[in-house]
Structures are given as C-alpha cells and as structure tokens.
Amino acid sequence: MYPVVEVQGLVNRFGTQVVHDGLDMQIFRDEVFGIVGGSGTGKSVLLRTILGLHRPQAGVVRINGQDITRMDEAQLRHVKSGYGVSFQSGALYSGLTVRENVQLPMLEYLSLRSKALDDLALLKIRLVGLAASAAAKYPAELSGGMVKRAALARALALDPPLLFLDEPTSGLDPVSAAAFDDLVLYLQKELKLTIVMITHDLDSIFRTCNRVGVIVDRHMISDSLEGIVNNPNPWIQEYFHGERARARLGAAHGA
Amino acid sequence: MAAEVRRSAQGLELILSGEWGAREFGTLEAELAAVPLGADPIRIDARGVSTLSLSGAWALHQFLARAQAAGAAVSFAGGAPPEQLRLLDEALREAAAGAAGSLPETAAAVAPQGAILGLLTDVGREVVHYGSSFRDGLAFVGQGTTTLLASLPHLHRLRPTSIARHVYDTGITALPIVALIAFLISVIIAYMSATQLRGLGADIYVVDLLTIGVLRELGVLLTAIIVAGRSGSAFAAELGSMKLNEEVDALVATGLNPFEVLIAPRMLGLTIALPLLTVVADLVGLTGGAILCRYLLDMPFTQYITRVDGSIAPTTFWVGIIKAPVFAVLIAYAGCYHGMRVRSSARELGHLVTVAVVQAIFLVILADALFAVLFMKMDI
Chain F
1401 MYPVVEVQGL
1411 VNRFGTQVVH
1421 DGLDMQIFRD
1431 EVFGIVGGSG
1441 TGKSVLLRTI
1451 LGLHRPQAGV
1461 VRINGQDITR
1471 MDEAQLRHVK
1481 SGYGVSFQSG
1491 ALYSGLTVRE
1501 NVQLPMLEYL
1511 SLRSKALDDL
1521 ALLKIRLVGL
1531 AASAAAKYPA
1541 ELSGGMVKRA
1551 ALARALALDP
1561 PLLFLDEPTS
1571 GLDPVSAAAF
1581 DDLVLYLQKE
1591 LKLTIVMITH
1601 DLDSIFRTCN
1611 RVGVIVDRHM
1621 ISDSLEGIVN
1631 NPNPWIQEYF
1641 HGERARARLG
1651 AAHGA
Chain Y
-15 MAAEVRRSAQ
-5 GLELILSGEW
5 GAREFGTLEA
15 ELAAVPLGAD
25 PIRIDARGVS
35 TLSLSGAWAL
45 HQFLARAQAA
55 GAAVSFAGGA
65 PPEQLRLLDE
75 ALREAAAGAA
85 GSLPETAAAV
95 APQGAILGLL
105 TDVGREVVHY
115 GSSFRDGLAF
125 VGQGTTTLLA
135 SLPHLHRLRP
145 TSIARHVYDT
155 GITALPIVAL
165 IAFLISVIIA
175 YMSATQLRGL
185 GADIYVVDLL
195 TIGVLRELGV
205 LLTAIIVAGR
215 SGSAFAAELG
225 SMKLNEEVDA
235 LVATGLNPFE
245 VLIAPRMLGL
255 TIALPLLTVV
265 ADLVGLTGGA
275 ILCRYLLDMP
285 FTQYITRVDG
295 SIAPTTFWVG
305 IIKAPVFAVL
315 IAYAGCYHGM
325 RVRSSARELG
335 HLVTVAVVQA
345 IFLVILADAL
355 FAVLFMKMDI
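First to last, the sequence lines map onto chains F and Y. So the number in the numbering used here is just where the residue sits in the first sequence, counting from 1, plus 1400. Take the second sequence: its position 366, counted from the start at 1, is 350 in the numbering used here, and no numbers get skipped.
Honestly, the hints are just simulated from the structure, not real lab data. Where is the CB? At the ideal position from N, CA and C, for every residue including glycine. Treat each hint with caution, since some may be false.
[What the hints assert, rightly or not] Simulated restraints, written as ranges between beta carbons of each label pair:
1. Y:GLY126 / F:VAL1411: 24 to 34 Å
2. F:ARG1429 / Y:THR105: 50 to 60 Å
3. Y:PHE346 / F:GLY1438: 49 to 59 Å
4. Y:GLY2 / F:LYS1515: 16 to 26 Å
5. Y:ARG141 / F:HIS1600: 52 to 62 Å
6. F:LYS1537 / Y:ASN241: 44 to 54 Å
7. F:ALA1536 / Y:GLY102: 36 to 46 Å
8. F:ARG1413 / Y:PHE60: 35 to 45 Å
9. F:SER1543 / Y:ALA64: 30 to 40 Å
10. F:LYS1515 / Y:THR105: 45 to 55 Å
11. Y:ILE172 / F:VAL1411: 51 to 61 Å
12. Y:GLY62 / F:ALA1536: 32 to 42 Å
Let the sequences and hints guide you as you build the complete structure.
Following this line, the structure appears as structure tokens:
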C-alpha cells in the first residue's frame, strides 16, 4: 500500500532559522492523521509545503506518488483539484455567500449547468450539517462553528479523496468541537476520505486520529495513537501526560 | 460510456461503469438524461463503478427520482443500492427537517409587488438609506470634534508620535510627486498662456497668470487632490482592515477611544502636512515658471522676480494656503469615516475606499468653490 502523502527529507529554512531538517512523513489511505507540535515548530509551514504554497529548500513531497516540488503550475493545478483544504480561520471569501463559496472551486474546475451547480452546492452544505438557509448567508453572518462547517463544505466541493484540515476545532466550544469531530469521522467513514489534520485539541486527537505525527526537534515522530502516547520523548510525554492531558487520557483509556 | 442501456424482456438494464467523480458530472448527467424512461422496470448494475463520488451519486439520485416519477420500478443488481445513495438521503433528510421554513420567507420579501409600488419602495428605501448615512456622517463629525476638543488641553492624549508618523506618511513621502505635479502644472499654464498672450504682445502677463494661478488656486487644489488619492485611500484602507480584523473592537474593549487613538492623529497629522506640502508646491510651481519664462519667453530671472513681486497682493499667498488645513480636514474625514464604516467583507472594503477617495475629492472641490465665492465677496 503506497502512501497518499509522502514527505521525505524535507528541509525548510527561513534565514538562519531551520524549521524542518530532514522531516519524513507518510500518510496512508483511509486514515485520519493528526499533526501535533508546539507553537513555532512549523506545523503550518509543513502544511503549506504539502499544499504547494511554499517551496522547500530540499526534500520531496509526493501526493499520490507524484512529486509536487518539481511540478509546474499546470500540473500543480491538477493535483490541487484532487484535495480539499479547510484553513484555520475558515478563509471563506467574505464577499461571497456560503453557496458561492462552495461553488467557486466547482466553477473553476467543472463545467456544470447552474441547476446542477446549485444542487451540488446545497448537497455539500447540507452534508456538513448546515441548514439550507445558511447557503444565502455571508461569512460575516455566521457563527464560528458555522464558518468551520462552511469551510469544510467548500473543501468537499470537488469530492476530493484527500482532505487537509488546519486546526478544525480551534475556537469552538467543547460541544461544537465534539460535534465537528463526529462530523469529520462520519465523512471519513462514508466518503472513504483520507484526512490530514493539524490540531492542538487532545479531545480531537483521541476521538478522530488513527495515527499521529509529532514535530519535535525539526523532525517528525509518527506512530499509532497508542504508540505515540507511550513514546519516551520528553516533549511528547509532557504533551500527552501533562496536567491538561492526564484527565482526558484517563477518560479515553477507561472508555 | 459511463451508463450503458440494454433493453431486455424484463425491461431496461442500466450498466454503470468507470469513474463517477465530480469532474465527470456533466457527462454523467447528459448520459442519464438520454436514458428513455417509461413504465418499464429498470435494473441498475452499479458494480462496475470504480469510485462513486457524492456528485456522481447525486446524478444517480436525480435519475432515480425521475424514474420514480415516470412510474418505473427500480432495482439494483446485487441487491442493495450503492452506499453513497443512502448517505445522500440521510444528509438531505436531516437538513430538510431543520430548514424547510426559512427559504420561502426570504423569497417573499423580495417578491415583485407591481411596478409603481416597486418604484416607490425603491425611492423610499434610497431616501431612508441616504438620510441615515447623512445622520451617521454628522454623528461621526460630532464625535470626532468633541473628542478632539476634549483631548486638546492634554498633550499626551494628542499622541505626538502618532501625529509625527502621519505627517511623515502623508507629507514627507508625498513630496516628490507633489513637486513633480506642481512643476508640470506651471509648464502647462506657461505654455498655454504664452501662445495666447504672445499674439497680443502681452507676454509679460504670463508671469501674472502663473503666479496668481499657482498661489491662489492650483498649488493647493492639486496638492489636495493628490493627497486625497494617496492618503484618503490609505486612511480608509488602514482603518477598514483594522475593523475587519477586530482591532478597533479590541481598542474599544481596552477602554481606548478609537477617535482619539486612530482618527485624531490622522486629522491633525494631515492638517499639519497639507499646508507644508502646499508651500512646497507653490515654490516649485513658481520656480518652474521662472525656468519656463527664461527659455520660452527669453525673460531674465531678475525681471521674472520683479514681475512676480509686482503681480501679487499681500493676500495672494495666504488666500491659497488658508484653504489647505480645511481641505486636510475634509480628506481625513472622508478617509476615516468610510474606513470605519467597513463591517464584514473585503469587497465592502474596496467599495468604501473608492467612496472615500471620490468623496474626498468632491468635498475638496466643493470647498474650493465656496472659498472662491467667499473671497470674491470679501474682495480679496
């Protein structure tokens, strides 16, 4: 089984500051892979590199076996239509309604009649648990949780088999965050998605992730959830067994 | 062929194959639309489909709805319909329960009500809109003035550093373009008037025209228009993106008055910068005139200076320069006011920046016209 996303020997430097130094990562089909790391360890840079928004100094990034660091714009465009991204703050286009936001990638990549366009956009909006009335709203009129869901609907616009979520539950109350996790799990199961998510939310990790990659010392340590919790690395120990984590871990193991 | 139709004794057989993704949606729909529907039972074999995406499932869902409407019995080869269809039904049912009522409501609000009534409604809505934006503008001016008056006695509340920054941004950095434009304007006046006046043998009046034109009107007016384009837009864009970013809310929450922190320094900074820029524009304009007269009319510099001295009244310079602070306040007002009106979107920001610049230029020219009338009545 070859990986859907594969990163090898990634080096990212900004001036003298080395963010990644030979980082390796593999993400396989149908898994939910969580990327964890302290602030400033380069989680977002890693995501931007995988998405082709940032060219690394060295290393290989393969999506479905194709190295995107060596691609020209046209090839990259084709790869980009094969995955969906939801950004941390939603990044909904503020001048467009939710429906138009979802339709934008469709208009760009597909040739559809307007009826089909409306139907499909509404389908995606309903699929992420938003009411049909939300379709006509502008991003400024949405609550935080709705923005996250709308961003997810836009990420799903082209039915991508691969989904990137950047801190999908940050800024949500625990109930909404749990509901969002359930939604992610539901979509993963029903649509057979491969999901990569950056998250800080321990609840989210324990609820959704099959495997976790932790960025420590400019490298990535990745393992199954069980394996990573028992990893001897001090930062990982602190992260999963610190004050804040202990209660949750106990709850997760007890269940 | 993604959907192949076979006719057998039992009815229609539909064999689906290949990729049923979002990219193929157009073809899928066309092919499914071409399937002849009747009362004959339809048997669908979807086992050959490699990936049935949601979009593909939606196309199939629509087809099934049409088949049902036509009265055809549908069955699936291998027993159960594809998983994705169930997911689709689930998603649609869940949301339909929650949101059925809300759409028709909005539809009713915009429903056509007859031509005359519609026109009246539009006129009324516009009047109310303009009325309320006029009131908002007045409120803004009022709030700005009271804040300024309240903070005037306390130097630190005027934020000198911030003012200095705005003097630099709106004044010093604008020097090259203001100087260049002032020079070019003097070239235009000199050339135009020289060609006309030379025929009358009245070349010397080119100097009068230049001096009075630049000092009284053009120096200050063109500087104000350039500054309206540069700084009016900068104010609106800066404040607008701060509003979008909730920075203004953060200020208010900290107990700071955005009028005091953001708007007063801009007003005062520009009020200092614009008169200074005008002085520079006047100087460059007159110098440009001197050079032009020297080479165009063969007039020695000494004669030019004497003539300039003779043509201006003591008030000429002041009549021009006194307008500068007024223009500065108008420009700063238009930029800040429209910047603070931004609420939600990037598009709104762009629109309001445009409105700010257009309104700043309009206000400057309107004020200039009023000044012209005023000075004529005052006989200066």
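For each hint, the structure was consulted:
A beta carbon spacing of about 59 Å between GLY126 of chain Y and VAL1411 of chain F contradicts the range 24 to 34 Å that was offered as a hint. Remark: the range hint 50 to 60 Å for ARG1429 of chain F to THR105 of chain Y is upheld by a beta-carbon distance near 57 Å. At about 54 Å, the beta-carbon gap between PHE346 of chain Y and GLY1438 of chain F stays in the expected band of 49 to 59 Å. Taken as a hint, the range 16 to 26 Å holds for the pair GLY2 of chain Y and LYS1515 of chain F, whose Cβ atoms sit roughly 24 Å apart.
Roughly 41 Å separates the CB atoms of ARG141 of chain Y and HIS1600 of chain F, a value that falls outside the hinted 52 to 62 Å. The given range of 44 to 54 Å is broken by LYS1537 of chain F and ASN241 of chain Y, whose C-beta atoms sit roughly 32 Å from each other. A beta carbon spacing of about 21 Å between ALA1536 of chain F and GLY102 of chain Y contradicts the range 36 to 46 Å that was offered as a hint. ARG1413 of chain F and PHE60 of chain Y have their C-beta atoms about 56 Å apart, which leaves the hinted 35 to 45 Å range violated.
As the Cβ distance of SER1543 of chain F to ALA64 of chain Y is approximately 38 Å, the hint placing it in 30 to 40 Å holds. Between LYS1515 of chain F and THR105 of chain Y, the C-beta spacing of about 30 Å breaks the proposed range 45 to 55 Å. Between ILE172 of chain Y and VAL1411 of chain F the CB atoms are about 59 Å apart, so this pair conforms to the stated range of 51 to 61 Å. The hinted window of 32 to 42 Å between GLY62 of chain Y and ALA1536 of chain F holds, with their beta carbons roughly 40 Å apart.
The structure does not agree with the numbered hints 1, 5, 6, 7, 8 and 10 stated previously, though it agrees with the rest.
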